[in-house]
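Visitor: Next come the chains, spelled out residue by residue.
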Amino acid sequence: MKRLPVNLLIGAALVMLVIGAAALSLIWTPHDYTDMNIRGKFGPPSETHWLGTDQLGRDVVSQLMAAARNSMAVALAAVLIGGSIGTALGLLASAIGGWVEDLVMRIADIGFAFPALLFAIMLAAVFGPSLTNAILAISFINIPVFARVARASANQIWTREYVTAAQAAGLTRAAISRDHILPNIAAPIIVQATIEFAVAILAEAALSYLGLGAQPPAPSWGRMLSEAQTLMYLAPQLAIYPGLCIVTAVLGFGLLGDGLRDVTDPRLVRER
Amino acid sequence: MAYFLFRRTLGFVLTLLAVSVVVFAVMNILPGDPALTILGLDATEDALAALREQFGLNDPLLSRYFSWVGNALTGDFGTSHSFRVPVSELIAERLPMTISLAVAGMIFTVILALIMGIGAAANHRKAGDWGVMFLSQLGIAVPAFWLSMLLVLLFAVKLRWLPPGGFPGWSDPVAAMRALILPTVALGLVQSSVLARVTRSSALEVMRQDFVRTARATGFSRQRVLWRHVLPNALVPIVTIVGMQFAALVTGTIVIENVFYLPGLGRLIFQSIANRDLPTVQALVMLFAAIVVTANFIVDLLYVVIDPRLKARA
Chain A
1 MKRLPVNLLI GAALVMLVIG AAALSLIWTP HDYTDMNIRG KFGPPSETHW
51 LGTDQLGRDV VSQLMAAARN SMAVALAAVL IGGSIGTALG LLASAIGGWV
101 EDLVMRIADI GFAFPALLFA IMLAAVFGPS LTNAILAISF INIPVFARVA
151 RASANQIWTR EYVTAAQAAG LTRAAISRDH ILPNIAAPII VQATIEFAVA
201 ILAEAALSYL GLGAQPPAPS WGRMLSEAQT LMYLAPQLAI YPGLCIVTAV
251 LGFGLLGDGL RDVTDPRLVR ER
Chain B
1 MAYFLFRRTL GFVLTLLAVS VVVFAVMNIL PGDPALTILG LDATEDALAA
51 LREQFGLNDP LLSRYFSWVG NALTGDFGTS HSFRVPVSEL IAERLPMTIS
101 LAVAGMIFTV ILALIMGIGA AANHRKAGDW GVMFLSQLGI AVPAFWLSML
151 LVLLFAVKLR WLPPGGFPGW SDPVAAMRAL ILPTVALGLV QSSVLARVTR
201 SSALEVMRQD FVRTARATGF SRQRVLWRHV LPNALVPIVT IVGMQFAALV
251 TGTIVIENVF YLPGLGRLIF QSIANRDLPT VQALVMLFAA IVVTANFIVD
301 LLYVVIDPRL KARA
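Heads up: the protein sequence lines correspond to chains A and B, in order.
Oh and the first sequence: position 128 is 128 in our numbering, straight run, nothing missing.
Oh and the second sequence: position 153 is 153 in our numbering, straight run, nothing missing.
Some hints here could point you the wrong way.
[Unchecked claim] To give an idea of the interface, some chain A residues facing chain B are shown, with a C-beta separation under 10 Å as derived from the structure: (1) Val126; (2) Gly170; (3) Ala174; (4) Ala175; (5) Leu210.
These aren't lab readings, by the way, just hints derived from the structure by calculation.
Just so it is clear, the structure is predicted and the values come from calculations on it, not from any experiment.
The beta-carbon is built from N, C-alpha and C at its ideal position, and this holds for glycine as well.
Only chain A is shown next, with the shape it has when bound in the complex (with noise of 0.2 Å):
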């Protein structure tokens, strides 16, 4: 058994942690994390409140636990629909070939030029500012990142000798897609997939810090450091807490990926 790369050991426990916080808020947290109590505001670490209290006297860490679910449940819901979107249009660009193949890729080209801000800028503007708009706007700008890497990934795997076989059998160009093609690029998808975790969780913060997404008191690290930027004199421990957990989750997913990498993809691995 060969050994695990470290970035992939790192990454899978960084990962675990914050799921793990995720998981484990929906069962329990400290306090409830939307229990105001003013007295008790900008309270020090103590037994009960481990990170002490915000401006509202409510559990630093019982909201760093809600917001890390918030933040795991964007990245999923924008990565399955931008990824299982992405992934279909570029196999469908890969199976079809000629014009198609080029028009889809084209369009992907156009989907770059919109950075996910930009995009939740123009819902915001439409809708009015909402988390929903912005796992939209994440979604959006990783439909063209998966059909470039499915089509990419596609075309090598038509051109090998089952998938002639399969054809020479008289299977359809979309069940060869759905049996051979699909099960063959699950690798280079998956990785993708893991490293786009990573840039939603930091695409959500950004939005939510900016008021683009999780609206209050809905938890949020995005929106908990724009709360606290206007506290940096009284308490600046606020601003900390939920940058490092930001952190975490972005290197951990990204590790991951990578990782993952270059475990799955042995030509990828270069003197590092």
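The hints should help you fit chain B onto chain A, whose structure is shown.
Guide: Below, chain B alone, put in the same frame as chain A:
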């Protein structure tokens, strides 16, 4: 070469057109009556009708699209609903702020990334290399807005060396530069982490080649070989990433301007969203998307300048 230029330019124009269709569609096809939004629910039917007429909201969608694009090409982005002045004036006022920030961020990014990347490659598998790799891995995971807050906490709140935000204008150049330091670092540090990694791996690839060994054997110093022989040959991937990063930096200014209260286009977008000022949002989103597309187009052209070998394949 001419054919290559023609193809790329055509692709560029078509992409811009497609982007404008997307922006227009999202902003206009979706439900909602801008006239009602501006005047409020107690507006009389006459006033609503007059405003719709004034903004041309009664015209068919297609003709509104063409007049929007046509006017935009002549620099007319319509009238801001909330500021009641031409959007182009608003943009002209705030563009210098955004450009200064983006350019400063780019310069900072490139200089830091080249030093870190080449330095790491020169010290391959030594402490310096590991240090750069660790810091850049961390840098990629840090959100720019949080980094901004940490910088403000340290340099403005604790040490009181630099202002926490705001912009005094260019009439006092020293104060203006001081106000730009933290935003520039916040904007550039994350991007330079990415670029340092690309520089490092690209330089390592070049350093393995024979001509580098020959240059060293001829007696050139390590430094000279690194900067004069290795770097120029490692540039193609670096320039690709720089182009993509310029786009990221320009959109990054939207976030940074809001963290530091800088009066640029990014602040304007958010004021316009708050005011439901759709023509302004539409113009600004189009402008930012156009900058991204243009940056990619320029990168495509630069390839050929840097690496003439690509001409043959292009």
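Visitor: Each hint should be assessed against the structure and marked as holding or not.
Guide: Quick rundown of the hints versus the structure:
no.: 1; hint: Val126; verdict: 5 Å, holds
no.: 2; hint: Gly170; verdict: 38 Å, violated
no.: 3; hint: Ala174; verdict: 28 Å, violated
no.: 4; hint: Ala175; verdict: 33 Å, violated
no.: 5; hint: Leu210; verdict: 6 Å, holds
The earlier numbered hints that this structure contradicts are 2, 3 and 4.
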